[in-house]
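Protein chains: 4
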Amino acid sequence: MASVDLNSDLGESYSAWKMGDDAAMLELVSSANIACGFHAGDPAVMLKTVRNAAARKIAIGAHVSYPDRAGFGRRDMDVTAEELIGDIIYQVGALQGMARAAGTEVRYVKPHGALYNHIAQHERQALAVIRAIKLVDPTLMLMGLAGTPVLALARAEGLAVIPEIFADRGYTPQGLLVSRREPGAVLHDADQVAERMLKFIRTGMLAANDGTELRIAAGSICVHGDSPDAVNMARAIRHLFVAEGITVQPFA
Amino acid sequence: MASVDLNSDLGESYSAWKMGDDAAMLELVSSANIACGFHAGDPAVMLKTVRNAAARKIAIGAHVSYPDRAGFGRRDMDVTAEELIGDIIYQVGALQGMARAAGTEVRYVKPHGALYNHIAQHERQALAVIRAIKLVDPTLMLMGLAGTPVLALARAEGLAVIPEIFADRGYTPQGLLVSRREPGAVLHDADQVAERMLKFIRTGMLAANDGTELRIAAGSICVHGDSPDAVNMARAIRHLFVAEGITVQPFA
Amino acid sequence: MASVDLNSDLGESYSAWKMGDDAAMLELVSSANIACGFHAGDPAVMLKTVRNAAARKIAIGAHVSYPDRAGFGRRDMDVTAEELIGDIIYQVGALQGMARAAGTEVRYVKPHGALYNHIAQHERQALAVIRAIKLVDPTLMLMGLAGTPVLALARAEGLAVIPEIFADRGYTPQGLLVSRREPGAVLHDADQVAERMLKFIRTGMLAANDGTELRIAAGSICVHGDSPDAVNMARAIRHLFVAEGITVQPFA
Amino acid sequence: MASVDLNSDLGESYSAWKMGDDAAMLELVSSANIACGFHAGDPAVMLKTVRNAAARKIAIGAHVSYPDRAGFGRRDMDVTAEELIGDIIYQVGALQGMARAAGTEVRYVKPHGALYNHIAQHERQALAVIRAIKLVDPTLMLMGLAGTPVLALARAEGLAVIPEIFADRGYTPQGLLVSRREPGAVLHDADQVAERMLKFIRTGMLAANDGTELRIAAGSICVHGDSPDAVNMARAIRHLFVAEGITVQPFA
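Protein chains in written order, with numbering that gives the first Met the number 0: chain A, 0 to 251; chain B, 0 to 251; chain C, 0 to 251; chain D, 0 to 251.
Bound conformation, chain A alone (with noise of 0.2 Å):
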């Protein structure tokens, strides 16, 4: 029986700021990204979203970012590798911190959005974030795009991996996603993105934005979308996937 992880990032809300549906998305992915303060959420937003998502049995990422409210973590940032490492340190504690008050546990690193992409590439930050895993608790995982060096760097280094995949995202025939100043980065459709995600599953290959049918191994899928329509995504997936018997549960 085939089963899937869906993950989306949560807890993004910060003091009196709501961001997205947490209440609705936690019912529906089972692997949650969590926000860690230092591009969005906070102490009281983490806890309460910790403590939700144990109740369902979610598994808990610490969704670490560059130090960086004011630009929601999504500028490149040269940061020296002594200073990153405090920070995921230093982000992934606060984390564990709540997650042991919630009675549970943080399972995976997934790192946000220009840090996310900028380790996805360069070794001198991805070898400075696997480190820090490393010297936090070397049994955390570390959550990065599918088919980057990055995951391999951390494999070598003794990580283990989940590989994702961007369920409404647009992929190069090189395996990367399109670039969102191009036609095709984002797909909007909830049922053919289901679709593509189903066939995905069933196949392990995913059509490039020319039609080449990419081999890619995963281990996640990513369902959280920067559209109003990501709740809406996240359920035609997670709806398709039971009818067709695919198990929604955390990555082994």
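Please keep in mind that the hints were generated in silico from the structure rather than gathered at the bench. Careful, some of the hints might be misleading.
Because identical chains cannot be distinguished in the list, a pair is counted as satisfied if it fits within a single copy or across any two copies.
[To be verified] Using 30 Å as the maximum straight-line C-alpha spacing, the simulated DSBU-like pairs for lysine-lysine come out as follows:
| hint | residue 1 | residue 2 |
| --- | --- | --- |
| 1 | K56 | K198 |
| 2 | K17 | K133 |
| 3 | K17 | K47 |
| 4 | K198 | K47 |
| 5 | K198 | K17 |
| 6 | K198 | K133 |
| 7 | K47 | K133 |
| 8 | K133 | K56 |
Fit chains B, C and D to the given chain A structure using the hints.
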């Protein structure tokens, strides 16, 4: 053979700003109250400080604060219990992450500045701090001002506590600190302070500012002064203790 | 011909977080209290908001706050006069920079949240706010709760003031706002609120929660509610006023 | 009679952290680059520094930065033009508020740290800074590294500029600063540096690190070193200038 714990605030540098002479203090104290980023400290400073403290077998405490870096945590804030619980778990968790990364562990929590003073006397925030500690790790001890209600409250809630006295502060006949707005609030003569602490260790008695002898039960002496002479005073105390056969070591 | 000023909080979005329906509110009010980055708003949001307000000839006010984004400026803080003077000049100056960039100017200062409530009754911080305004630009007016001592204090110090009433709040027989912890604090029926305001404009009288008729001198009506219905309520008030021949325009 | 402007970074203290010896520097320089709170400084520090500078007829400049206090503005950030324009107007406006409060005015803008280096060479962010200055106050001058493209760009856009050289930095034969990663980046001998600057004032020529004589047009000399000897070096330069009949005064 008598022994005593000396504690001091450490890791209060931040970004490009330096504060205090941590290298010197680390040779003198047995417990380190390490800033957790809310009033002082940053992740890189925290990691370095925890490592240096661990290398000297110094007990590590989380020096938690209101979220007020702009005021160095010295301004009373009317936070809700929910906010405070989150803020404490976040800071303790972050420092525990640093401690794991350094192969050591956090032993206690000491609130900083305005939060320290507020919870010493006010039950609502005191209970929130106690609740947070119990949630994140009920084996953590709470360090607070000897004789204040928060310590009895913490004991009643099942936490172990470390009552402390301040080496360089004057005391009222009621056993409270002399307000900084009044004369005699801060003692400046290092040798006199050292003698005063020696007498306290031997007798459990401390002279108030009117000559009254106060009986105080304390498990630690805070040697962190705000003056530039903090290191000199800590050194005078330690040297006198060692000369008199009193071992400086972490609280039991 | 009667005229009245309607004011509302605007520019409270921050980074990737949206708050309020500024586009709708800008069509309804005549004065905009623009967040200055300490509790809400950021530079890009401020510039956009000032430009949009200027394009509609809306009077621009600096919505200044304690430095507490994490608490949205809603937590009382025990800041010193020196700190507060600096914080107010900084925020007002920043917004004046935005106003110059947009070819307009700042007309008034309205403290936000906990600072608003604190200075309404406490002289030390009230005087610091007044002092700051006089230093940065003595032609700026101070907007505050009608009937509170801060306004008399400001007048005595030479500032012009704009006393305001709150459209959707209940009043005690003493002319104070009913505490949010008590029933009747917030009025929810937009049409009733509009009628209440119409009566106030015509008679200068407002019914307290025990039926007492209060005589209040006010130069502006705050139509910013915390409820999602803020826009509906502002619309009901404006439409009724326009229908009754009352012009909505900035305070003289 | 020759005259020269000496500029230095001032007002870099923050909250409880002190940085630099502003009292000493204020006796030596003729222009003060005052931190605006994004990398250093806070409102109370800004007001005090502006007042002290005004009392000595020192020209006041806005030392604007990326929003990165945690990295002291030393980390390159990939900000958008819209964000940068807002951030610059905000900081300049805030300092202008302080200047009005002190009865003086801001004369120029000098970007700090990573932003300074970035815009020296990259047009997108350079144009955003120039655009912001023109929006907030087109009479403000832009201070930048002599010979870099940003100055030509600013002139073409209608801004007056102040090209500066660094007293304690080595130069390449191309007129660029020797990278800090290479030998000869920083000059440490105060007397040699003073002689080097004297020769520059008299001849307009500066020796590169290979002996090449560079002709540089500069309107100011930056005497802010990162070393603890910054004050000594500034003093050596000023004293030599005064002894040689060169007046230290703000750029025309």
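Q: List, from low to high, the hint numbers that the structure doesn't satisfy.
A: 4, 5, 6
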